[in-house]
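Asker: So you can see what is in the structure, the chains are spelled out below.
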Amino acid sequence: MNKAMEQSLGAKPAVWRTDHHAAQRALKTRCRVWGASLLLACCAAVGAAPSAQQILSASDAIRNPEQPFGVTSTLIEYRNGKQVQTSTLAVYARADAQSGQFRNLIRFVAPQRDAGKLLLKNGNDLWLYDPSSKASIRISPQQRLLGQAANGDVVTVNLAVDYTASLVGEETIADGERQNRDTYLLKLNAKTPDVTYHRIDYWIDRHNNQPVKAKFYSSSEHLLKTAYYRRFQKQLGVSRPTETVIIDGLDPQWVTVLRSSDFAFRDVPESWLQRDFLPRFKAE
Amino acid sequence: MMAHWQMGRGTRMMQSTLGREALAPQQCSVAGMVLIVLLASPVCWGDDADALALADQALEPAVARSDWQIFTEGMLGHVNQRAPLDDIRISRASVDVLLDTAINPEWRFTLANRADWLGQDGQYEVVNTLKEVYVSWQAQPNAALDLGRINQRNGVALGYNPSDYFKVGALRSVVSIAPASLRENRLGVGMLRGQWVWEGGAVNAVFAPKLANQRQSAAFSPDWGASNPVSRYLLTSSVQVLPGFAPQFLLLGEQGQSPQVGMNASILAGDALTLYAEYSGGRSAALLPAAPVAWHSRLASGGTYTFANNLSLSLEYHYDGAALNQSQWRALWLNPADYWAYRSAVFNAQSLPTQQAAMSFITWRDAGFKALDLNWMLRRDLVDQSWQSWLEARYHFERMDWALQWQYQNGAPGSQYGALPQRHSLQAVVKYFF
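Heads up: the protein sequence lines correspond to chains A and S, in order. One rule links them: number in my numbering = place in the first sequence (from 1) + 390. One rule links them: number in my numbering = place in the second sequence (from 1) + 27.
You may find that some hints are simply not true.
Keeping only pairs whose Cα atoms sit at most 27 Å apart, straight-line, the calculated DSSO-like set for lysine-lysine is [what the hints assert, rightly or not]:
| hint | chain 1 | residue 1 | chain 2 | residue 2 |
| --- | --- | --- | --- | --- |
| 1 | A | K507 | A | K672 |
| 2 | A | K472 | S | K237 |
| 3 | A | K507 | S | K458 |
| 4 | A | K605 | S | K397 |
| 5 | A | K605 | A | K472 |
| 6 | S | K397 | S | K458 |
| 7 | S | K237 | A | K507 |
| 8 | A | K472 | S | K397 |
Just so you know, the hints here were simulated from the structure itself, not pulled from any lab data.
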């Protein structure tokens with residue numbers, strides 16, 4: 391049956407179905423974000439302050455869609471005010487049904503020397519696949535692949551899964567666009583020692599739960615990096631940050647700009663997230 | 028053919044790489060001043076506003092995605108040999124091509140080929156290595172078939188891979204002793220391979236038939252005699268036993284030999300440490316000719332620790348029960364013909380000449396300077412105490428790498444590294460990515 395016949399018989403063409411599903415997913419996400427916001431609004435209306443964990447969850451939903459999706463991440467790295475390296479990654483993310491945490495498959499697109507390499511991240515289970523040597527190597531979270539950015543910075547993470555949040559107070563701070571914002575200041579403590587950062591100070595917009603700023607600390611309470619979430623754009627139905635500016639804690643002249651583009655809901659099959667599948671992964 | 032490249036069974040190598048594989052028989056005050064100057068400087072950088080202003084200007088380069096990966100490499104080097112041999116000059120030009128393209132959503136074609144022009148004291152030779160050429164059919168999202176020449180690599184260790192069964196005879200042109208180079212620049216094996224993947228595990232089945240009897244030394248020969256000299260099958264299965272722990276089990280069957288079993292396992296032991304072990308065992312002949320068939324175990328185990336400055340230190344222990352112990356190794360040196368024949372066989376199998384060895388590998392990314400990587404490998408034969416060191420400094424530009432490689436080896440006469448004619452070598456390498 392050709393497409394014309396399908397349409398004449400009332401069958402929905404494939405393109406329509408894809409759009410329809412995408413629209414359904416977008417609607418679902420929008421509903422969840424609005425739901426989280428509504429819950430917070432209700433809490434406020436009845437006089438019960440939203441819990442810190444609820445605020446964090448609502449913020450997570452703004453940073454990341456809940457359905458499987460793909461995004462292109464570009465890292466532009468500066469040392470002493472000079473651009474020294476640019477990397478482009480294709481990120482495919484899918485939340486684990488049980489833990490709620492994202493599992494990520496990352497494909498290196500540029501620079502050319504790294505093109506085709508794959509990083510599979512399932513919690514702390516990290517595998518790097520090199521198409522040249524056909525080898526999958528387990529790596530530790532401490533092994534940085536992209537200069538300053540830790541692996542956890544370039545992948546999708548639900549902070550509410552890994553951290554316990556407590557509300558420290560409310561502050562008005564300058565955001566990444568140098569605009570004043572009314573924020574909640576949350577203190578996030580790692581639930582397990584396995585996560586990249588032991589503690590996080592996290593500023594979240596009081597009105598719309600958008601992430602504004604974060605400070606990441608080591609177990610020895612050293613400031614590892616500061617991040618600003620900015621350039622909010624409507625992506626997949628929600629206003630999301632499309633740029634994160636990461637400033638090194640020890641060397642503030644070491645700056646990484648992490649840009650996100652090409653957001654798209656997409657099927658991320660379970661097989662893609664298996665180590666043994668890495669040699670045969672082929673992105674469309 | 029130039030003698031310095033000639034291997035026992037048709038593999039060529041640069042003189043500078045002759046190590047494991049070789050067979051040829053022949054400020055305080057200043058800091059204070061700097062600190063004072065910096066403190067006195069009117070320039071103030073470092074608040075978040077500066078970083079954000081910088082980010083405002085960030086330009087994103089256009090990235091063209093391609094199914095092709097091509098690079099060329101050039102090398103000039105000098106090899107110092109033990110007396111009475113003279114030093115030699117070496118050079119190399121290489122072209123490496125990888126094509127991985129989807130014919131349609133279900134079918135895929137892969138081609139990987141490398142050509143090396145090897146030069147020594149003004150003479151040149153070409154060696155082409157057809158690494159891979161195969162088609163893949165993704166029948167289902169979790170099931171696939173491949174047919175053709177495939178580089179099927181197993182093993183988790185860095186310096187010695189007893190469960191990497193298809194490494195035997197796979198080297199055709201050795202241009203570096205770096206473990207990554209030995210894994211990349213080798214012949215694949217002609218095979219039919221099936222894979223089935225599920226959540227938390229996978230099964231792979233491989234059948235590799237015999238395709239030819241002898242190795243071919245012609246420059247552009249596909250050399251099926253090297254990759255497929257006997258019929259083999261390999262079954263592998265990975266099963267997730269615990270979260271983060273999914274060992275791989277292997278079973279190899281080979282014409283004329285008892286089945287071999289293998290296992291690969293790795294764990295994450297903290298935020299910065301990975302531990303791994305690789306085993307293979309089965310009844311087989313020892314590497315020494317006329318030795319009786321018996322159960323031999325082979326093992327590689329080690330770990331990698333990464334420091335906060337992104338320096339990674341790997342330590343490994345290697346054991347090969349089919350190799351020679353100290354007394355056998357000493358006795359063999361008394362008969363040079365047998366000695367070099369043995370080393371030729373060991374090299375062909377990419378195995379260990381003696382029973383025990385150790386290796387450390389340090390890799391430091393952005394070593395003090397952005398885009399500068401340092402790599403240092405130290406191998407030690409624990410039976411004869413000889414050792415080999417390989418050091419590389421590599422600087423990355425946008426599309427080009429510059430590297431300096433220095434290799435040194437030392438030991439008593441007859442030892443693994445002391446018997447080699449060359450003492451040390453220096454190479455300058457430039458690599459360009461298209």
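Asker: Are the Cα positions of S/K237 and A/K507 separated by 27 Å at most?
Answerer: The hint is violated at about 32 Å.
Asker: Does the alpha-carbon distance linking A/K472 and S/K237 stay inside the 27 Å limit?
Answerer: violated, 57 Å
Asker: Please verify whether A/K507 and A/K672 have alpha carbons no more than 27 Å apart.
Answerer: holds, 11 Å
Asker: Holds or violated: S/K397 with S/K458, Cα cutoff 27 Å?
Answerer: Roughly 18 Å between the alpha carbons, so the hint for S/K397 and S/K458 holds.
Asker: Would you check the hint for A/K605 and A/K472, treating anything up to 27 Å between C-alpha atoms as holding?
Answerer: holds, 24 Å
Asker: Regarding the pair A/K507 and S/K458, is the alpha-carbon distance no greater than 27 Å?
Answerer: holds, 18 Å
Asker: A/K605 and S/K397: Cα distance at most 27 Å?
Answerer: Holds, at about 24 Å.
Asker: Just to be careful, I want the Cα atoms of A/K472 and S/K397 compared with a cutoff of 27 Å; is the pair within it?
Answerer: The given pair, whose Cα atoms are some 11 Å apart, holds under the 27 Å limit.
Hints 2 and 7 from the earlier list are contradicted by this structure; the remaining hints agree with it.
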